[in-house]
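**Q** Put chain B on the given structure of chain A with help from the hints.
Protein chains in written order, with our numbering: chain A, 1 to 354; chain B, 1001 to 1310.
Derived by calculation from the structure, the hints in this document are not laboratory data. You may find that some hints are simply not true.
The calculated BS3-like cross-link candidates involving lysine-lysine, where the alpha carbons are at most 27 Å apart (straight line), are [unchecked claim]:
{"#": "1", "chain 1": "B", "residue 1": "1213", "chain 2": "A", "residue 2": "173"}
{"#": "2", "chain 1": "A", "residue 1": "127", "chain 2": "B", "residue 2": "1213"}
{"#": "3", "chain 1": "A", "residue 1": "173", "chain 2": "A", "residue 2": "141"}
{"#": "4", "chain 1": "A", "residue 1": "119", "chain 2": "B", "residue 2": "1213"}
{"#": "5", "chain 1": "A", "residue 1": "141", "chain 2": "B", "residue 2": "1213"}
{"#": "6", "chain 1": "B", "residue 1": "1213", "chain 2": "A", "residue 2": "71"}
Here are some chain A residues the structure puts well away from chain B; computed CB gaps all over 12 Å [said to hold, decoys possible]:
{"#": "7", "residue": "22"}
{"#": "8", "residue": "221"}
{"#": "9", "residue": "245"}
{"#": "10", "residue": "302"}
{"#": "11", "residue": "312"}
Quantities reported herein were computed from a predicted structural model and do not represent experimental measurements. Just so you know, even glycine gets a beta-carbon here, dropped at the ideal spot from N, CA and C.
This is what each chain is made of:
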Amino acid sequence: MTALLSVENLHVEFATYGGIVKAVRGVSFDVEAGQTLAIVGESGSGKSVTMQAVMGLIPMPPGRITQGSAKLRGQDFLGRLEMDGRTICGDEIGMIFQDPMSSLNPTMRIGDQIAETLKVHRDYSPKEAWKRAIELLELVKIPEAPKRAAQYPFEFSGGMLQRVMIAMAVACKPAVLIADEPTTALDVTIQAQILDLLQDIQKETGMAIILITHDLAVVARMADKVAVMYAGQIVEAATVNELFYESAHPYTLGLKQAMPSAESDENHVLEPIPGSPPDLFSPPQGCAYCARCPWHMQVCQTDDPASFRLSDTHTSRCWLQHPRQPREVEGLHRAESQGVSKPVSDTADQEVSP
Amino acid sequence: MWAYTLKRVLQGIITVWFIATATFFGMHSVPGDPLSGERASTEAIRANLEARYGLDRPLGEQYVIFLGNMLRGDFGISYTQQNREVNDIIREHFPVSATLGILAVMIAALGGVLWGALTALYRNRLPDYIIMFLVILGISVPSFVFAALGQLGLVGLNSAAGRTLLPVAGWGTVSHMLLPALVLGLGTMAYMTRLMRSSMLEVMSADYIRTAKAKGLPMSRIFTHHQLRNAVLPVITVLGPAIAAITTGGFVVELVFAIPGLGRYFVQAVQQLDYTVIMGTTVFYGAFLVFMVILVDLVYSWVDPRVRLQ
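Same shape as in the complex, but just chain B:
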């Protein structure tokens, strides 16, 4: 088990290095640089700035310097936000994105498993049809629509109640998180519902379920002890990619709900070719996702004994 974990961590480090390298060269091959903004500047100023930031050196040398700094955990200073260290930006805004993202993933996974199991149990009956219709809606409607509709609904609800049940936007308390997390997790929840439904249907007709029935176990016990654990395996498999999709895709939702997350900096940095912020956020997100995927795999091996020991 420990050897397996160690192997996965080493693989993860190589993956992060690969992400960093690919992003570095990809970013530098885009025309322009952080200094080619709309502010007019003379050749002399530009040359000075390039020398100050080290942009005049050959790309290979820049890469080696970047790697050295990265190993020390230093991503440098933002080009566009004067005197702000990339590390500070991450430290300040990532916990917000992570909290929102993990809450969203939890809502998505729990909801997906619950609704999926329910539709399978009520296969081809009314609850199944209703939930599967909502699932199609959840998969095909983009999150900003749900975000706006959710806010609209909240405004109506708050004014009807005469007080603020849940804040419409902003950040700070758990009540701020609920609606955005739900909206953010909705698409993934819909996807997981479909996955859980088909997996559950397969498990329901499995031989070992017939055995469980022949043993005379009550339906509730068959559901909790025999069906759920086996049916949930495919959902756990997609949990890793789902975390990736939700944490990086949270940008739109963060914007609509005025949440000070990392997503905004991520997108702005790419637009403005803010090299250091791009590198910092990408490498950090990459490392975070690799870590989450390893964690999911370890959880998987705990749920399914067949993948242990390997």
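Looking at chain A on its own, in the form it has when it is part of the complex:
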């Protein structure tokens, strides 16, 4: 069976004065209807660029998609953004952004901004589109929707604007909603409301959500599946339980140690990950995380790790998952019997020495 949305081996580069930045280096994932996939990673890890490339939003030039495919129900639409006469953006796939304050046109009425999607993709008459816009505002629980629709963005609060963004993105009942850090610019109580709203709409319409975030708490609350990105690659992909309880990549372990938990007492010291991500002008030959990894081995410096499969839903790009690697790492989940852990790609067949 084909996945609803699947991205395969996506490579994105940016040509800058300083050289070519390889921002996304072979990213693959898929998502099913009704499912929530969280893409986590630090700033600059390529999580936003990945989704913007899929949506055709990266400026070209300087951006360039060098390889890969993005398929909706099995059909590749990458770079074409149209399929069977339907536009991908705004119709099949909706997207909301980090800063709702600047993501809406300041000189256009809220209702018009929602209605224009329907006019363009669904040939609604202005009157029908306006009526539907008000219904959508009610769907995202904005009080006094008819009055609010005639107002401008500056008359709304940040949380309200993010609701408007959601209303806009789901106007055409998209199969997939991409939420690029939807709650980063909002305060905590509003964050919870927005996340609840997204889940409610998902239950109702069965759309898939791809949630880009750097907040592991949001991931734990929302996601079914998680992809952890580092330096333009997915280093670990797993179900949400596998990721938190059976972390299989040193970077994921590092992130967890840097996160406060409800159980930890006030003397608990959070451990940051030392160092900084590699320079993507010239990505390292071996593992990108090697320089920051406390357990790195010789092979990590010379060979990019293969993707190892721990279960049907769990993969990790780390040499520590190799059946013949010699180290014991506390807290790192490994396949239970050495034989189960098998490399996905063929580069992993070589010898691993500590």
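**A** What follows is chain B alone, placed relative to chain A:
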């Protein structure tokens, strides 16, 4: 909205009064007066004339009389053009200047927005380079050069066509207005092009344009509905000062094209210290500009909802 408009009108009246007062005292502090021309006159004649025009009275008293007359809309009779009321001069020649000026401003604004948007869309490509080169030319070359070149071109064009496509000079019909208005608006158009270009570039990389793209809107709709309106705001802001610059700066162009505008009287009056004409034209221009600036502000609040209600 009405309270705002009323407030602006009251401010405008104070501004005009200030212009009138400053001009009045500035003008009287210049050495000489309308009677000290090249015509030799005896002391007795001079004293008679001063008494007749009220120039022998103290300056304060003259000022009060002037203000009283101004409130009644009477600017008196010209010193240098016998028996001609200042009001008549304005009534006869201002509509000519205003028509020319407003046409020039319209050409400048429309052209500036169009060329500016175009250069931004073609940023760092050939159309951008060509237009920006012409813009530098438009800003740095004075209008009389363009006026003369334009006339020369028209003469050549007319003789090549064997008939008068457009008149080279004079006034009367729309065909008389086109070239002078274009020449008059050229500098402002160049300036507005630059302004529009940078503003458009800023808007093009704005978050809400990314949103519009994510909504799957066609580029044409993004341009007309999302980019243009936001990018045009700074251009509207300078529209007020631009009208001021064009209507008062039209003197040279009017002269070259033999257009019977107010500019000539304005300049002549200053040269000859024709008190009444100076006061009349200055106060009238001042009031006109204040009115235009208020109008521009009201238009601005219509385009940008964020400045309404305040």
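**Q** Hints first: check each against the structure and report whether it holds.
**A** Quick rundown of the hints versus the structure:
Under the criterion of a C-alpha separation no larger than 27 Å, the hint pairing residue 1213 (chain B) with residue 173 (chain A) is consistent with the structure, at around 17 Å. Proximity of residue 127 (chain A) to residue 1213 (chain B) is assessed by CA-CA distance (about 23 Å); at most 27 Å being required, the pair is judged to hold. A C-alpha spacing of about 17 Å is found between residue 173 (chain A) and residue 141 (chain A), which places the hinted pair at or below 27 Å, so the restraint holds. For the hint linking residue 119 (chain A) to residue 1213 (chain B), the alpha-carbon distance of about 15 Å falls within 27 Å, and the restraint holds.
A threshold of 27 Å between alpha carbons decides the hint, and for residue 141 (chain A) with residue 1213 (chain B) the separation of about 25 Å falls inside it, so the pair holds. For the given pair, residue 1213 (chain B) sits about 20 Å from residue 71 (chain A) by alpha-carbon distance, which is consistent with the 27 Å threshold. No beta-carbon of chain B comes within 12 Å of the beta-carbon of residue 22 (chain A); the shortest separation is about 22 Å. Distance check for residue 221 (chain A) against chain B: the nearest CB is about 25 Å away, which clears 12 Å, and the non-interface claim stands.
Every CB of chain B is more than 12 Å from the CB of residue 245 (chain A) (nearest about 35 Å), matching its label as outside the interface. Its beta-carbon lying about 40 Å from the closest one in chain B, residue 302 (chain A) satisfies the requirement of being farther than 12 Å from that chain. No beta-carbon of chain B is positioned within 12 Å of the beta-carbon of residue 312 (chain A); the least distance is around 33 Å.
Of the numbered hints given earlier, the model fails none.
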